[in-house]
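> Please put together the full structure from these sequences, using the hints given.
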Amino acid sequence: MNVSHPLFQRSCTLLKSTQLSSKTYQQEYVFPELAKISKPGQFVQIRVSAEYSPLLPRPFSILNVNANQGTLTVLFKIFGEATEILSRKLEGETVEILGPLGNTFELNRIKKLFLVAGGVGIPPIYYLLQTIDMPRYDISLFLGAATKDDLFLREEFNNMDIEKSFSTDDGSYGTKTLITVPLEDALKRGFSSSKACILSCGPMPMLAEVQRLAQKYKVEAQLSVETIMACGIGICQGCVVPLHGNTKDAKKYTLVCVDGPIYSRDELIL
Amino acid sequence: MNVSHPLFQRSCTLLKSTQLSSKTYQQEYVFPELAKISKPGQFVQIRVSAEYSPLLPRPFSILNVNANQGTLTVLFKIFGEATEILSRKLEGETVEILGPLGNTFELNRIKKLFLVAGGVGIPPIYYLLQTIDMPRYDISLFLGAATKDDLFLREEFNNMDIEKSFSTDDGSYGTKTLITVPLEDALKRGFSSSKACILSCGPMPMLAEVQRLAQKYKVEAQLSVETIMACGIGICQGCVVPLHGNTKDAKKYTLVCVDGPIYSRDELIL
Amino acid sequence: MSDLSVNIGDLRLANPILAASGTFGYGSEVARLYDVNILGGIVTKTITRAQRPGNPPDRLAETPSGILNSIGLANVGIDNFISDKLPFLRSLSTSVIVNIAGESIDDFLFLIDRLEEHQGIDGYELNLSCPNVAGGLDFGIDPKLAGKIVKETKKRSKKCIIPKLTPNITDIAVIAKAVEDNGADAISLINTIVGMSVNVSTKRPKLGEIMGGLSGPAIRPVALAMVYKARKAVKIPLIGIGGISSVNDVLEFLITGASAVQIGTFNFVNPKAPIEILKELEQYLETNNFTSVKELSGSLITR
Amino acid sequence: MSDLSVNIGDLRLANPILAASGTFGYGSEVARLYDVNILGGIVTKTITRAQRPGNPPDRLAETPSGILNSIGLANVGIDNFISDKLPFLRSLSTSVIVNIAGESIDDFLFLIDRLEEHQGIDGYELNLSCPNVAGGLDFGIDPKLAGKIVKETKKRSKKCIIPKLTPNITDIAVIAKAVEDNGADAISLINTIVGMSVNVSTKRPKLGEIMGGLSGPAIRPVALAMVYKARKAVKIPLIGIGGISSVNDVLEFLITGASAVQIGTFNFVNPKAPIEILKELEQYLETNNFTSVKELSGSLITR
Ligand SMILES: Cc1cc2nc3c(=O)[nH]c(=O)nc-3n(C[C@H](O)[C@H](O)[C@H](O)COP(=O)(O)OP(=O)(O)OC[C@H]3O[C@@H](n4cnc5c(N)ncnc54)[C@H](O)[C@@H]3O)c2cc1C
Ligand SMILES: Cc1cc2nc3c(=O)[nH]c(=O)nc-3n(C[C@H](O)[C@H](O)[C@H](O)COP(=O)(O)OP(=O)(O)OC[C@H]3O[C@@H](n4cnc5c(N)ncnc54)[C@H](O)[C@@H]3O)c2cc1C
Ligand SMILES: Cc1cc2nc3c(=O)[nH]c(=O)nc-3n(C[C@H](O)[C@H](O)[C@H](O)COP(=O)(O)O)c2cc1C
Ligand SMILES: Cc1cc2nc3c(=O)[nH]c(=O)nc-3n(C[C@H](O)[C@H](O)[C@H](O)COP(=O)(O)O)c2cc1C
Ligand code: FES
Ligand code: FES
Numbered sequence: 001m002n003v004s005h006p007l008f009q010r011s012c013t014l015l016k017s018t019q020l021s022s023k024t025y026q027q028e029y030v031f032p033e034l035a036k037i038s039k040p041g042q043f044v045q046i047r048v049s050a051e052y053s054p055l056l057p058r059p060f061s062i063l064n065v066n067a068n069q070g071t072l073t074v075l076f077k078i079f080g081e082a083t084e085i086l087s088r089k090l091e092g093e094t095v096e097i098l099g100p101l102g103n104t105f106e107l108n109r110i111k112k113l114f115l116v117a118g119g120v121g122i123p124p125i126y127y128l129l130q131t132i133d134m135p136r137y138d139i140s141l142f143l144g145a146a147t148k149d150d151l152f153l154r155e156e157f158n159n160m161d162i163e164k165s166f167s168t169d170d171g172s173y174g175t176k177t178l179i180t181v182p183l184e185d186a187l188k189r190g191f192s193s194s195k196a197c198i199l200s201c202g203p204m205p206m207l208a209e210v211q212r213l214a215q216k217y218k219v220e221a222q223l224s225v226e227t228i229m230a231c232g233i234g235i236c237q238g239c240v241v242p243l244h245g246n247t248k249d250a251k252k253y254t255l256v257c258v259d260g261p262i263y264s265r266d267e268l269i270l
Numbered sequence: 001m002n003v004s005h006p007l008f009q010r011s012c013t014l015l016k017s018t019q020l021s022s023k024t025y026q027q028e029y030v031f032p033e034l035a036k037i038s039k040p041g042q043f044v045q046i047r048v049s050a051e052y053s054p055l056l057p058r059p060f061s062i063l064n065v066n067a068n069q070g071t072l073t074v075l076f077k078i079f080g081e082a083t084e085i086l087s088r089k090l091e092g093e094t095v096e097i098l099g100p101l102g103n104t105f106e107l108n109r110i111k112k113l114f115l116v117a118g119g120v121g122i123p124p125i126y127y128l129l130q131t132i133d134m135p136r137y138d139i140s141l142f143l144g145a146a147t148k149d150d151l152f153l154r155e156e157f158n159n160m161d162i163e164k165s166f167s168t169d170d171g172s173y174g175t176k177t178l179i180t181v182p183l184e185d186a187l188k189r190g191f192s193s194s195k196a197c198i199l200s201c202g203p204m205p206m207l208a209e210v211q212r213l214a215q216k217y218k219v220e221a222q223l224s225v226e227t228i229m230a231c232g233i234g235i236c237q238g239c240v241v242p243l244h245g246n247t248k249d250a251k252k253y254t255l256v257c258v259d260g261p262i263y264s265r266d267e268l269i270l
Numbered sequence: 001m002s003d004l005s006v007n008i009g010d011l012r013l014a015n016p017i018l019a020a021s022g023t024f025g026y027g028s029e030v031a032r033l034y035d036v037n038i039l040g041g042i043v044t045k046t047i048t049r050a051q052r053p054g055n056p057p058d059r060l061a062e063t064p065s066g067i068l069n070s071i072g073l074a075n076v077g078i079d080n081f082i083s084d085k086l087p088f089l090r091s092l093s094t095s096v097i098v099n100i101a102g103e104s105i106d107d108f109l110f111l112i113d114r115l116e117e118h119q120g121i122d123g124y125e126l127n128l129s130c131p132n133v134a135g136g137l138d139f140g141i142d143p144k145l146a147g148k149i150v151k152e153t154k155k156r157s158k159k160c161i162i163p164k165l166t167p168n169i170t171d172i173a174v175i176a177k178a179v180e181d182n183g184a185d186a187i188s189l190i191n192t193i194v195g196m197s198v199n200v201s202t203k204r205p206k207l208g209e210i211m212g213g214l215s216g217p218a219i220r221p222v223a224l225a226m227v228y229k230a231r232k233a234v235k236i237p238l239i240g241i242g243g244i245s246s247v248n249d250v251l252e253f254l255i256t257g258a259s260a261v262q263i264g265t266f267n268f269v270n271p272k273a274p275i276e277i278l279k280e281l282e283q284y285l286e287t288n289n290f291t292s293v294k295e296l297s298g299s300l301i302t303r
Numbered sequence: 001m002s003d004l005s006v007n008i009g010d011l012r013l014a015n016p017i018l019a020a021s022g023t024f025g026y027g028s029e030v031a032r033l034y035d036v037n038i039l040g041g042i043v044t045k046t047i048t049r050a051q052r053p054g055n056p057p058d059r060l061a062e063t064p065s066g067i068l069n070s071i072g073l074a075n076v077g078i079d080n081f082i083s084d085k086l087p088f089l090r091s092l093s094t095s096v097i098v099n100i101a102g103e104s105i106d107d108f109l110f111l112i113d114r115l116e117e118h119q120g121i122d123g124y125e126l127n128l129s130c131p132n133v134a135g136g137l138d139f140g141i142d143p144k145l146a147g148k149i150v151k152e153t154k155k156r157s158k159k160c161i162i163p164k165l166t167p168n169i170t171d172i173a174v175i176a177k178a179v180e181d182n183g184a185d186a187i188s189l190i191n192t193i194v195g196m197s198v199n200v201s202t203k204r205p206k207l208g209e210i211m212g213g214l215s216g217p218a219i220r221p222v223a224l225a226m227v228y229k230a231r232k233a234v235k236i237p238l239i240g241i242g243g244i245s246s247v248n249d250v251l252e253f254l255i256t257g258a259s260a261v262q263i264g265t266f267n268f269v270n271p272k273a274p275i276e277i278l279k280e281l282e283q284y285l286e287t288n289n290f291t292s293v294k295e296l297s298g299s300l301i302t303r
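Residue numbers (the numbering used here), protein chains in the order written: chain C, 1 to 270; chain F, 1 to 270; chain X, 1 to 303; chain Z, 1 to 303.
Bear in mind the hints are in silico, worked out from the structure with no lab data behind them.
Treat the hints loosely; a few may be bogus.
[To be verified] Think about it this way: if two alpha-carbon atoms lie no more than 30 Å apart in a straight line, the pair counts; the simulated DSBU-like pairs of lysine-lysine are:
(1) F/89 x C/77
(2) X/279 x F/252
(3) C/39 x Z/85
(4) Z/144 x Z/154
(5) C/23 x Z/203
(6) C/176 x C/112
(7) Z/177 x X/203
Small disclaimer: the values here were computed from a predicted structure and weren't measured.
Next comes the structure, spelled out in structure tokens:
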């Protein structure tokens, strides 16, 4: 953990709230300090209410920032109480936001990108695509979700000049299959192992399968995981995932909030 | 306690919310079952939120009902969390209301009414005046509050053709004195003891002084008290006030929510 | 329709949703709002030998997701209970469990003997959170005393004897075991947790008695852990109590090992909560294809 | 300006607001957000002899106005603490209290001996909620063992020794008295309350370890009652812990008899909570004309 990495907490005004689908919202907040320094893959902790319920802030990936206008955008799906309350915030209201948190993707020496995202794992991949010089890379995008509604930002992705493949569990958009199926097809087709990397973000079962495929096809991978968090800054020790390379007397864990959320291919037991 | 007394609980729509002063609101709710049967002095329990905070419903006196339109009106001052949340309700929103609760004033054989109310004790007195045939009584009204803003409904009272006296602690409206001072002046002037009665509602210290004066000037009184409540229907035993006539081994208490909130002059230790 | 009935010793409850002692009066109060026969059972306010006026006010204070009370077992006493309250309870088709407390074993036996003379009672809940005047401490924290009360009361009645345990204890399993060993038909747990709150502007405790009992959703995780520990310690049925506010909460207790539950504080928040929750429980069982609610009890997967 | 300093044994804290063990890491994490020297003191995460990876996930679950955790004393171990964490702590001007735990008295003494070799430590908090492997139960529930740990550690260090008590006990006064009698300089209370929560859709406990510790506003009334009881039992200073979220909560603990307080769970809710509360405390003292915060401590009016 890099202690000198700057961190900010402040009350942020909601500038714009857009309902993307029945359960999905995109919200833009004023947070100039963060907008200047955040990187793709990082997240923020949002405290949705000053009450005791929900007590803890909730982690959300950064979908995008606008450094000039000093704004931060997140995209979220209503799961439970906190996301429900957040969805009802009106423009002009404020929430406490802490960030930027966590690490970022590493693109050194990489030319070929397999981007694999599912559900609420889509935002970090979107943010990444906003920050890189797309023509410099050979990009294949794989987006999956339970249903069309959860395939967030599909229009924006459709407008990008990259190779893409969409899939849904119910076939309501793209192919009716798990996203890891077209991924494996692509991996089978071959790639330059030294310059390729899978970047993936999504639910644990999806990441586990991506990990398996990356190992099988011997391609590097960076996997972004989600766990239950309390503090987001390494002080509660709550957000752990088991690491490979356990000694025989004790398991080892990593703190997702400070050492993650992004891990290289073989680090985690998923 | 009269078990057969009808009682209703339902989700009630807020029809109209009016801010009377910086901290005071008047709200009209749809509650036809209650509007048909409630009586002056009775109250309702309002659960302001479905969350755990505030957990308990809060008691509010009935300010008025409109049996034809099936509505209930309450008037409240922002004290803490529950009243704050209630004040922010928008027309069309719903809250759970339970009522009618408690007993009512008894006007049998009474001709001369001394009505003494302070602060949030004003609503029951207002409701009473809406229901009685005013010309049949000789009415002297004494309204007191900390400051002008808390002298709720003073315009409405001013429009009534009865004798009135206003006082505030800071002199911002009416006389700068405690309301019990003009009351004592009036009692000194004399009245027909057998047909007179003081009806009073307000903070405990005011009620204690009204009790003292009523005893001193030998006039009947009906005093409406407030305590902290949980259930409002006699099942928690929380809302007690000590009764006179204690035996030597144990104090006796009365449940304000079912046996009160209105008690005759000498019943309570105030 | 799934079978909602559950067995507590020889007592068959129509469903697992009961109203908790001290939060439902003597049944008649809530009967003004709904047909209380819908409930699986009613546990009365604690009845003592003599009428008790209870503690001086204030008796209530709100805390985060909970309430503190210091009612002090205010109740009408056994004589008034039998003459004024029992007739209504007897008229009900739902199960009636009378909660009793005393300051000595003799008190408990006296109360049972008096109540045994009357019809309409389906079982006894022994409130062991009452201080034993001689020893100075709660009956519920002394396994020997708790066991003895159960053993003696069992001798006086063939009805269900259900000790109700206090959570203010180092190891609930010890007491649970003691009452099981002495013949308890079931165990109710938990009673309130000792708590306190201060009015900062007056510098006085918010409760007249200084300390009181904490109840409500705040204590639910504590209650659930105690049900879990008791479940591992004993085989008799458990009745889970503490902070239940929704069908989800009921399911947590049943899955953890309770056979039935009691709803306490939430009767004050929403008096119709027990019947609303019962309806949701029925729907849950239907949707999830349970033949009987009994299948849920103890279905916790721990590995 | 009112005097904010308080004394805990020989230790003078600049103010009564401390960060609680396990909720503030090793100090450096929160230093990214504000100058931690503003605090009255920092209590480190519990340090053990060996590094501990802690319990399997999930380690956290939210409950009404509280959270459950089953971190399992995950910590870097004494060696890494001394080499990697102590240098930063030593650089601070605020008081540093190192919280230690062990499975035997020997472990505690070993840890103290190692730490005594180094500068920058102002006191030790003894986490007595750790299970004593031999006896199987927490040190904190056995007055003899708790007393003995205090007595032995006192022999090894001249610094403040502050046992931290568990609330999962029948009578906190007994343990408080035992540690006072054996020379404790102060008492911290309370640690978390045993609790549990179940994921109804998976039928599994929400925590990997099944049970965990409840903290946050939900437990505040319980903590306050324990401070009240301990205050009546002992004369040494008390450090109040449990659900503190605002200056009002701090005042409740001080009035009830605590000399200082620790903020735990609220560091997760709002990492700046301790310094915001401290500012409000200063304002409160000014507005209410207190010369010193010490005047508040134990100012509860009970009649
Ligand atoms: C690093 C990270 C980035 C995330 N990014 C996004 C995002 O960009 N968009 C988005 O919609 N969601 C994102 N999530 C998930 C989001 O945090 C949860 O959906 C949210 O916490 C649910 O809160 P709730 O109160 O609405 O639901 P709850 O009722 O609390 O829970 C619903 C589900 O969320 C899980 N959950 C609850 N609390 C937390 C917590 N503190 N941390 C993680 N999971 C929790 C629960 O286990 C449960 O499965 C991210 C999570 C992490 C860890
Ligand atoms: C029979 C009765 C009739 C009332 N009628 C009115 C009315 O018409 N208009 C009005 O503005 N207020 C009325 N009140 C007072 C009103 O109930 C309180 O102002 C309200 O409960 C405060 O809630 P809060 O959460 O806003 O404040 P809190 O922060 O909870 O408390 C503020 C003050 O209200 C007291 N209080 C808190 N909870 C309760 C409770 N459950 N019952 C009673 N007092 C409580 C507290 O002791 C404190 O002094 C009445 C009270 C009673 C008992
Ligand atoms: C106001 C109040 C009064 C209570 N009185 C009694 C009582 O007389 N006897 C008893 O055994 N339990 C009594 N209890 C405890 C409840 O029955 C129940 O065990 C406890 O409140 C926990 O459940 P809850 O969180 O659902 O309220 C009382 C609880 C409250 C809140
Ligand atoms: C995530 C977490 C980790 C904790 N770790 C420790 C610990 O290592 N040692 C300890 O003595 N107490 C530990 N505690 C207990 C706290 O220090 C504190 O006593 C308790 O949480 C009550 O205070 P609170 O309600 O303000 O959190 C921990 C608490 C939490 C929530
Ligand atoms: S969320 Fe607290 S350490 Fe990661
Ligand atoms: S408020 Fe419950 S008995 Fe009166």
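> Starting from residue 144 of chain Z, check that the Cα of residue 154 of chain Z is at most 30 Å away, please.
Holds: residue 144 of chain Z and residue 154 of chain Z sit about 15 Å apart, inside 30 Å.
> Mind checking the alpha carbons of residue 176 of chain C and residue 112 of chain C for me, to see if they're no more than 30 Å apart?
holds, 26 Å
> Hinted pair, alpha-carbon criterion (30 Å max): residue 39 of chain C, residue 85 of chain Z. Please report holds or violated.
Holds, at about 28 Å.
> Are the Cα atoms of residue 177 of chain Z and residue 203 of chain X separated by 30 Å or less?
holds, 26 Å
> Check whether the Cα positions of residue 279 of chain X and residue 252 of chain F lie no farther apart than 30 Å.
Given that 30 Å is the threshold and the Cα spacing comes to 40 Å, the pair is violated.
> Below or equal to 30 Å on CA atoms is what counts here, so check residue 23 of chain C against residue 203 of chain Z.
holds, 26 Å
> Is the hinted pair residue 89 of chain F and residue 77 of chain C satisfied, with a Cα-Cα distance of at most 30 Å?
holds, 26 Å
Of the hints listed earlier, the one the structure fails to meet is number 2.
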